[in-house]
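K.L.:
We have chain A; now place chain B onto it with these hints.
Spelled out from the first residue to the last, the chains are:
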Amino acid sequence: ITGHVFPPSAGMSVGAPRGLASSGQKLITEILHPLSAAEEPLSPGQDEPGLTNGTPVEISSAASASVLLSRLQLDCEPEANAHVTFGSGEPRDLFVTVDDPKKHVSTMETYITYRVSTKTTRIEFDLPEYSVRRRYQDFDWLRIKLEDSQPTHLVPPLPEKFVMKGVVDRFSEEFVDTRMKALDKFLKRVADHPVLSFNPHLNAFLTAKDLNKRQGLALLTKVGESVKNVAGGYKLRARPAEFSAMGEYLDTFSQKLGTIDRISQRILREQSEYLTELREYGAVYSTWAASEEQLQRPLEGVAGCVTTSCGALEDLSDNMSQDFLPVLREYVLYIESMKRVLRKRDQVQAEYEGRLEAAVLRKQEDRTPIPVEVEKCQDKVECFNADLKADWERWQRNKRQDFKQLLTGMADKNINYYEKSQAAWESLITLLQEKQTEDKTSETN
Amino acid sequence: MVERGTALLKKMEISVAEADKRTGKNTVNMQETYTVYLIETRPAESVSEGGTPVAPDTLWRRYSEFELLRTYLLVTYPYIIVPPLPEKRAEFVWHKLSADNLDPDFVERRRVGLENFLLRLASHPVLSNDSIFFLFLTEVLFLVFQKADSRLKSLSAMFRVKNPDKRFTALKHYSEDLSTVISQLLRIRARVADRLYGVYKVHGNYGRVFSEWSAIEKEMGDGLQSAGHHMDTYAASIDDILEEEEHYADQLKEYLFYTEAVRSVCRKHELIQYELEMAAQDLSYKKQQKEELETGTVRIFSLKGMTSKLFGQETQEQRESKVAALEQSIQEGEEALKEKNAESQEFVEKAWNDIERFKEQKEKDLREALISYAIMQISMCKKGIQVWSNAKECFNKM
Numbered sequence: 001i002t003g004h005v006f007p008p009s010a011g012m013s014v015g016a017p018r019g020l021a022s023s024g025q026k027l028i029t030e031i032l033h034p035l036s037a038a039e040e041p042l043s044p045g046q047d048e049p050g051l052t053n054g055t056p057v058e059i060s061s062a063a064s065a066s067v068l069l070s071r072l073q074l075d076c077e078p079e080a081n082a083h084v085t086f087g088s089g090e091p092r093d094l095f096v097t098v099d100d101p102k103k104h105v106s107t108m109e110t111y112i113t114y115r116v117s118t119k120t121t122r123i124e125f126d127l128p129e130y131s132v133r134r135r136y137q138d139f140d141w142l143r144i145k146l147e148d149s150q151p152t153h154l155v156p157p158l159p160e161k162f163v164m165k166g167v168v169d170r171f172s173e174e175f176v177d178t179r180m181k182a183l184d185k186f187l188k189r190v191a192d193h194p195v196l197s198f199n200p201h202l203n204a205f206l207t208a209k210d211l212n213k214r215q216g217l218a219l220l221t222k223v224g225e226s227v228k229n230v231a232g233g234y235k236l237r238a239r240p241a242e243f244s245a246m247g248e249y250l251d252t253f254s255q256k257l258g259t260i261d262r263i264s265q266r267i268l269r270e271q272s273e274y275l276t277e278l279r280e281y282g283a284v285y286s287t288w289a290a291s292e293e294q295l296q297r298p299l300e301g302v303a304g305c306v307t308t309s310c311g312a313l314e315d316l317s318d319n320m321s322q323d324f325l326p327v328l329r330e331y332v333l334y335i336e337s338m339k340r341v342l343r344k345r346d347q348v349q350a351e352y353e354g355r356l357e358a359a360v361l362r363k364q365e366d367r368t369p370i371p372v373e374v375e376k377c378q379d380k381v382e383c384f385n386a387d388l389k390a391d392w393e394r395w396q397r398n399k400r401q402d403f404k405q406l407l408t409g410m411a412d413k414n415i416n417y418y419e420k421s422q423a424a425w426e427s428l429i430t431l432l433q434e435k436q437t438e439d440k441t442s443e444t445n
Numbered sequence: 001m002v003e004r005g006t007a008l009l010k011k012m013e014i015s016v017a018e019a020d021k022r023t024g025k026n027t028v029n030m031q032e033t034y035t036v037y038l039i040e041t042r043p044a045e046s047v048s049e050g051g052t053p054v055a056p057d058t059l060w061r062r063y064s065e066f067e068l069l070r071t072y073l074l075v076t077y078p079y080i081i082v083p084p085l086p087e088k089r090a091e092f093v094w095h096k097l098s099a100d101n102l103d104p105d106f107v108e109r110r111r112v113g114l115e116n117f118l119l120r121l122a123s124h125p126v127l128s129n130d131s132i133f134f135l136f137l138t139e140v141l142f143l144v145f146q147k148a149d150s151r152l153k154s155l156s157a158m159f160r161v162k163n164p165d166k167r168f169t170a171l172k173h174y175s176e177d178l179s180t181v182i183s184q185l186l187r188i189r190a191r192v193a194d195r196l197y198g199v200y201k202v203h204g205n206y207g208r209v210f211s212e213w214s215a216i217e218k219e220m221g222d223g224l225q226s227a228g229h230h231m232d233t234y235a236a237s238i239d240d241i242l243e244e245e246e247h248y249a250d251q252l253k254e255y256l257f258y259t260e261a262v263r264s265v266c267r268k269h270e271l272i273q274y275e276l277e278m279a280a281q282d283l284s285y286k287k288q289q290k291e292e293l294e295t296g297t298v299r300i301f302s303l304k305g306m307t308s309k310l311f312g313q314e315t316q317e318q319r320e321s322k323v324a325a326l327e328q329s330i331q332e333g334e335e336a337l338k339e340k341n342a343e344s345q346e347f348v349e350k351a352w353n354d355i356e357r358f359k360e361q362k363e364k365d366l367r368e369a370l371i372s373y374a375i376m377q378i379s380m381c382k383k384g385i386q387v388w389s390n391a392k393e394c395f396n397k398m
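So the protein sequences, as listed, match chains A and B.
Just so you know, we're using UniProt numbering here: the first sequence kicks off at 1 and counts up by one.
Just so you know, we're using UniProt numbering here: the second sequence kicks off at 1 and counts up by one.
Hint data in this document are derived by calculation from the structure and do not stem from the laboratory.
Check the hints yourself; a few may be wrong.
[Unchecked claim] Okay, derived cross-link-like pairs now, DSSO-like style, lysine-lysine, Cα gap no bigger than 27 Å in a straight line:
1. B/Lys218 <-> A/Lys420
2. A/Lys339 <-> B/Lys218
3. A/Lys404 <-> B/Lys362
4. A/Lys404 <-> B/Lys397
5. B/Lys392 <-> A/Lys404
6. A/Lys256 <-> B/Lys392
7. A/Lys256 <-> B/Lys218
8. A/Lys399 <-> A/Lys420
9. A/Lys209 <-> A/Lys181
10. B/Lys397 <-> A/Lys188
11. B/Lys88 <-> A/Lys413
12. B/Lys397 <-> B/Lys88
13. B/Lys383 <-> B/Lys397
14. A/Lys399 <-> B/Lys397
15. A/Lys389 <-> A/Lys399
16. B/Lys201 <-> B/Lys392
17. A/Lys413 <-> B/Lys201
This is chain B alone, in the form it adopts within the complex:
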């Protein structure tokens, strides 16, 4: 799934090898049980040489540490679609699937998901070079400087951009649509899985009744009895089929969570755009003020205009020093605007780079996911044909 041979992956083999349960005290001194995951890394060359591979470096990490790393990446690389973590709690479950965080199946799926997350980072052209990420992989103590993302949080829904970038708006809408359609798909898939499970399991009852019936038959007995076994096999086969399908659901889920990462980039772009517009607005206001002072006309109601009306004209010196201060301020404003413009341009460039990369990755991944889904369906059909053919042979012997 992850493009190999790029960046960090060239130098290092990364895997999340196993999961384990730990018990300890949390911050409020409460006993808690949590899961830790073993990260294994080793130099890439050692494997290709063919000899006995070097023992890997290993360290244990909690899910919350992965979260910490991701938050750091989000703050540091606002223009990157940072790969999502696997779900914190099982969502879109069908009844047989446990929603318990310590359930071994859930832990195993999360292990695979976390490994996938690390591989995505390690193969990312930008993120793979991050030093904190490297420390995360190799050092038990990795310090994340938590730069508060207050800029974004305080503004959040309050600001409105005047001239939004059409490309980003379109991307935002697309990611919203994608999020809607994937979650809808996952919801219905869970229901489909539930029903399919029912269809198969009810067939298991044939197994019992055929076996009971065979007891009173002479010539038909053997055929019925063994056909019954095939019905048992049929009923049991759904467990593996649906377990396999869960992998497909996880692939879809990854992209559902990716949509959030895409929107986060769009939001950050909006923020930058907003700041740019604010700077421009600020500048034009100052310029206007200067014009007012110079020409003496008041176009917009202002406190200064009021005071001058109430307290008479300022002296020439006063006015000149004000104009000078404004000019200074305008210059600063122009500087700031230039800076913002440059920042914005850089952001758009970098972001669009990553968005293009993401689009390609998404199309490739989803296409592959669909192919593997189709293969799963075919294998389910083959299993079904096999079991019913076996049963048919038994019926024919009756």
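So here's chain A without its partners, still in its complex pose:
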């Protein structure tokens, strides 16, 4: 029975899920770049037999549908759903979570793995649930594979790979936790994407027991791609205005995010300095209380309020540095991904324009008709444009939702800070006034 639960056991150390097992790893590595072969149908996501294109998965019986429904309601945190279901109208049938970081120490290296849990009803998956352990470089592999195999789509960013050694402790609980959240966000964004979520590499990533054998290949593709990206310098004749506008939008947006990031860090610095002084301030009240008789309790009370405020402020700062700043940074990286896709689109258009120009020249010379090849190029451009526009819309929707959540969260945390502090001072006043009336009644007695 256990063999059934995890198909890629024993002999299948390659670890491809059963859906892909017939062609094994070969299928994964040979997934064709949509732009690399002219024969390829031009809408990625539809090119794989057996993969549905973001349409609802057929559910055979009413029973299983209700099972699915109840599971959705039970298992999925509303927060995680909020930003994806918003306005998209796409039913969700693939749920992923990244959690439970573990440290691995070997003679060669020390690294962290995270648990990647999957729940799904998609027929591309053999089982409804998977749980695998992945490390950062596996995520990196997935991202490269996705970007490679689906160049017309926006692939969400990963948290930054390189951290300054010595400045940041890569194995600190805080760092691992922040990275885990970012990886979780990344995977959720991929799983919610109508096209990317059907990518077989994702399937392998979520289900295979062992991904190691693909590492080398990942490296190769990376090099190949970077060579491809070197093109450029060609001035487009007719870039549609909307893509220029996207570029301009991204430039301004990333600039504003940079400013917000700097402001937030400055606030954190000011807050931490304020906190230092405030602690000392509270301590002086305690010292003073020790030398007074009647005033002892009031002064101790003030010291207590200051301490409470310090604690509340600390929570606020922690929240900001652990929840607010990482989201800002993710969006800065997201913008970079988006810019890369825009550049790729320009390249595809440039290729088309170049070929068209040549063909037009030839036609003028010897009246040869414009070759099919050029038309295919045109199709590619149009296809790319359509994919990009769809992803742009999605991204804008997500961004709006994410920032709404992020900023209301920031407001909430500030409100919370003030509420805690207010409650402390109010209870102090009650205490002081009680004491006063006590004194008065004892005077009259």
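P.N.:
What follows is chain B alone, placed relative to chain A:
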């Protein structure tokens, strides 16, 4: 803050109504600019009758005249904890606060402080009856007989009391501790104010960036723009908050300066104690001398003992006249000691009376100051909650 309905305050309403700048020549004939304060007084009944109040008597006074009055009170009432004047120069300032003596905010805080000083005097059971104080309030020319406080100054640190009064010693230590802890508190409060100011003001930058960002957004634009305004409001709100807090700092400062007045009473008590001990010592010395003369034994080396040894015994008459002179002197000494004892007792009694009164006043004032400080903190929290709730509403609309 000041107990009303006592002494002079029953008969008279006192206020320092306004401040003004004057320019004139000082003693070395140099042009200088200084501030004068308008003292307004009017009979108390005229207000309570409900009709149009009688026009108040007014006169202008400089800070230095207040100083003169206080010095006079210190000399005349050594056993009283004379209320302190507000600070001459702004101390414990944080960076936004001006240390300039002519700064309008500083002048205004000093006006409040001077009024408080006058009200404290007018409500004091002893000081309120002082005639010079009354002249200070009502006559432009008030002459202060400057009795030099030379007794205290010449001795200052030199004398050491043999049997200090434990109560005064304890009070002295307490006032020293209080002075240390309050000045420490004020120093740190200034730094806390500085930092808090920074935290708020940096939030103002969100206002600008949200507004700029809103220009490139469609659906989010309006929400961002108006949230930006709330961030501006948030940043601006700290000015009022800290200005209000300055009042609390002034209340603490008053008690910091009060500790000096308390120590001054302790020092004066020490002086009296010292004089008493000196008188007692003087007397016992004379008595000893007399005994020596009568018995002929020399216990302590003295010039007289030496001369008698060198030049032989005195005659009987000589000795008798000496004994008589000594007896006279002993009697005087006993008189003096009695006087000193009475003076000391009276001082202790009066001083302790005022110290008790002061303790009560201090506890009441500081408790009230702490309550009003807590209220300030609550109002700051409420403002913060208000602004962030408004901002949240805007974010929610995005």
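K.L.:
Are any of the numbered hints broken by this structure? If so, which, sorted upward?
P.N.:
1, 3, 8, 11 and 12
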